[in-house]
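Colleague: Residues per chain are reported as follows:
There are 4 protein chains.
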Amino acid sequence: MSKYQHLREAAYLANLQLPELGLVLFTFGNVSAADADAGVFAIKPSGVPYADLREEDMVIVDFDGKTVEGRLRPSSDTATHAVLYKNWPGIGGIAHTHSVYATAWAQALSPIPLMGTTHADHLTCDIPCAPPMDDSRITGNYEYETGFQIMDHFRDLDLNYTQTEMVLVGNHAPFTWGKTPEKAVYNSAVLENLAHMAYMSRLINPSAGRMKDSLIKKHHDRKHGQNAYYGQK
Amino acid sequence: MSKYQHLREAAYLANLQLPELGLVLFTFGNVSAADADAGVFAIKPSGVPYADLREEDMVIVDFDGKTVEGRLRPSSDTATHAVLYKNWPGIGGIAHTHSVYATAWAQALSPIPLMGTTHADHLTCDIPCAPPMDDSRITGNYEYETGFQIMDHFRDLDLNYTQTEMVLVGNHAPFTWGKTPEKAVYNSAVLENLAHMAYMSRLINPSAGRMKDSLIKKHHDRKHGQNAYYGQK
Amino acid sequence: MSKYQHLREAAYLANLQLPELGLVLFTFGNVSAADADAGVFAIKPSGVPYADLREEDMVIVDFDGKTVEGRLRPSSDTATHAVLYKNWPGIGGIAHTHSVYATAWAQALSPIPLMGTTHADHLTCDIPCAPPMDDSRITGNYEYETGFQIMDHFRDLDLNYTQTEMVLVGNHAPFTWGKTPEKAVYNSAVLENLAHMAYMSRLINPSAGRMKDSLIKKHHDRKHGQNAYYGQK
Amino acid sequence: MSKYQHLREAAYLANLQLPELGLVLFTFGNVSAADADAGVFAIKPSGVPYADLREEDMVIVDFDGKTVEGRLRPSSDTATHAVLYKNWPGIGGIAHTHSVYATAWAQALSPIPLMGTTHADHLTCDIPCAPPMDDSRITGNYEYETGFQIMDHFRDLDLNYTQTEMVLVGNHAPFTWGKTPEKAVYNSAVLENLAHMAYMSRLINPSAGRMKDSLIKKHHDRKHGQNAYYGQK
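Protein chains in written order, with my numbering: chain A, -10 to 222; chain B, -10 to 222; chain C, -10 to 222; chain D, -10 to 222.
Since the hints were made in silico from the structure, they are not lab data.
Please note that the accuracy of each hint is not assured.
One copy or two, either will do: identical chains are not told apart, so a pair holds if it fits within one copy or between any two.
Lysine to aspartate or glutamate pairs mimicking EDC-like chemistry, simulated, CA-CA at most 16 Å apart [said to hold, decoys possible]:
id, residue 1, residue 2
1, K212, E132
2, K168, D24
3, K206, E58
4, K(-8), D210
Since the model is a prediction, treat every value here as computed from it, not as a measurement.
Next comes chain A alone, as it looks inside the complex (with noise of 0.2 Å):
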């Protein structure tokens, strides 16, 4: 037995749960889970319908995107992960889907406004659209600039990664990220959920502005801050 046979299972469980929440059409999405003690991630193979996944599919892959492991194919978005993977220490899992109001947004060119505590009680800042890369950067090793492009954007925008776990890539898709697979699945859903409010409340008063800063502070902190009193001890 592979020595890898918990990454696999995570990867897994966490792919099945892109269908059954309701954030993929066929194959278009996947998600990894992470061993950074071993330098790996467990990724789903390109192409395969989910209804026809099995765990042992899962392709074990290291952080500059070298299948270590597995007779399949990974993902071909498997270089953006491995670079988030490598440059990010913590994470333990990355989503990719092409959700339909994530991709909307994406498509718009536009970062998705902070206008409620939905969105504060997950991240205390518009959810980040990164630019299309330039044309050598889409013409030269694609995938692998996709992870520079969203590094650097989070950059240019003082970003911190383990604050704010969701990207959207112009023109392209949403990526999440957290701790676990679970996690990043999990920020897949919220983001699909402030991506369809915020999308309404645009056509509803299109001069709505940003939700003020203290009540962004407030329930971000209930949730996450020193004192936070959201969920269980």
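Since the structure of chain A is provided, determine the placement of chains B, C and D on it from the hints.
Modeller: Relative to the frame of chain A, chains B, C and D by itself:
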């Protein structure tokens, strides 16, 4: 056996209605069931997924927001429920969700206009949207103040909580109530339906206005007036 | 056994179709089944949830709106059904829902424009929207007057109820009818589909107009003309 | 046993996919499966509900639109299928639906702009929208002419049907095709997904434009180019 078992059961069953009616994602909602004579209410524990919820997990809290019985931490919105129960006699249940259409209006800081008979069958005014609180209230006892903000807004608009059983809290989400927890949940589903239809009516015809008073009165009276003839006797 | 058992069964089965087709929330809709020779129709009792409905609960009412058989109070919209049955011979079923897309157009006080062949497959004009009634009609025998308001609007637009089997009542919701209760319910589902698509077409292209007459005629005739070739002989 | 049994089975199974993927209301759609060597295709009978459909009901038709085998009348859109099979060699399946988002764009007489990588993963141009036909074509052999209208529009835009496997027919609805009937149905679902997302992107940001060419080429090539690396070998 606890003397509050009937309350726990009522709150438990009402909470399970929220996912069944499509009103909540993950744990984003809660219902409470009150016993005015005993001066307590049962409420969902904070952050527990609906699928894992058990009747005995419901927390018994008094009308000052203090836990009377229960091993789990009550919903983070508990103080809002307590304030409303304490100040609005006759309410037997309160529901709070982040249902997408109602929340979209709350994020747009807009009341939901009364545009049709579905709305008038349930209330005779626009669904009010309480403005975001002053910073002093937000940084103070936030959830208590949310209750007072709702009550202040009802007073400013001269609304009667026994006739208008729902409110949007600006930048946050809806609260609904009723004589029983079932009625509170029913009101949450009706509010979501009204929010959905008003959203589309406004996009179809931005200049479409409020329904005329005679029709509002007629529809309300046939369901709630002295000679009501909707439903069974 | 009542001689109206076949009518009760037809009305019962047609009413159950409403929730199955996603056309109603809670009790917001009703279907009736008429027997023109007997001069009566069977209709849903008022305010009874679909899940609790039994065949024997259907109320038998004559074309003047008087209850002939049944222990329960009939739908509050019964008089509207009665007026249409009495004045529009050949109708065997009527359905009334508050389905969200159709109701949104009714609330916008706008007819639904004929923009495509799906619409022309079923009727050759915009779906009419009867204006809200004068106050005297509203404060009078409201539900009877709703029937007359529909008929007056058809007369004003020179529409034939055997060819146009659906209408929006402004600020209220749709009514549909047909030779059988099944056809009336089918028309409610088709109307909702047309309302959904026209809503989106208008948002995509606000200046998109009506489909041209030659195409309307072609699609209608291939399904309903003398040489119709849609469906089985 | 008919020598066309394999075609009937293929068409039958592909037709059942339409309701399963949420692409049809009632009978509003049809799929055919062709055998180019035999010069025939199997197609859904006209107006038969999917729930009642049986494999042996599929009608065998030649590429001139004449029925070869089958007791039922073929889909009223049969001639459109025949024209495309006759003139576009290599197509093994065609699907036609009135799916709501794609049809909304067709009713708006607008091509669907290429705004993201989900779109570019499948085709490198806007999804074309053939204009409504001249009256002479409409009053002539309408369904044959629909096939020619599609082909003419592809010629006008210099599109290749082996690369662009979907089209909107203005004021009508979409047609999709592929090497197999399964691929044709897959394309219908993808088209609906693209139509949904582009609709929302346009409402979020009306001035958001087409995705840049380098990114279109990259995404298309990684899935369909000579060195494609999406999916399994």
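Colleague: Decide, hint by hint, whether the structure agrees.
Modeller: Consistency of the hints with the structure:
no.	hint	result
1	K212 x E132	between (34 Å within a copy, 13 Å between copies)
2	K168 x D24	within (11 Å within a copy, 42 Å between copies)
3	K206 x E58	neither (45 Å within a copy, 31 Å between copies)
4	K(-8) x D210	neither (39 Å within a copy, 36 Å between copies)
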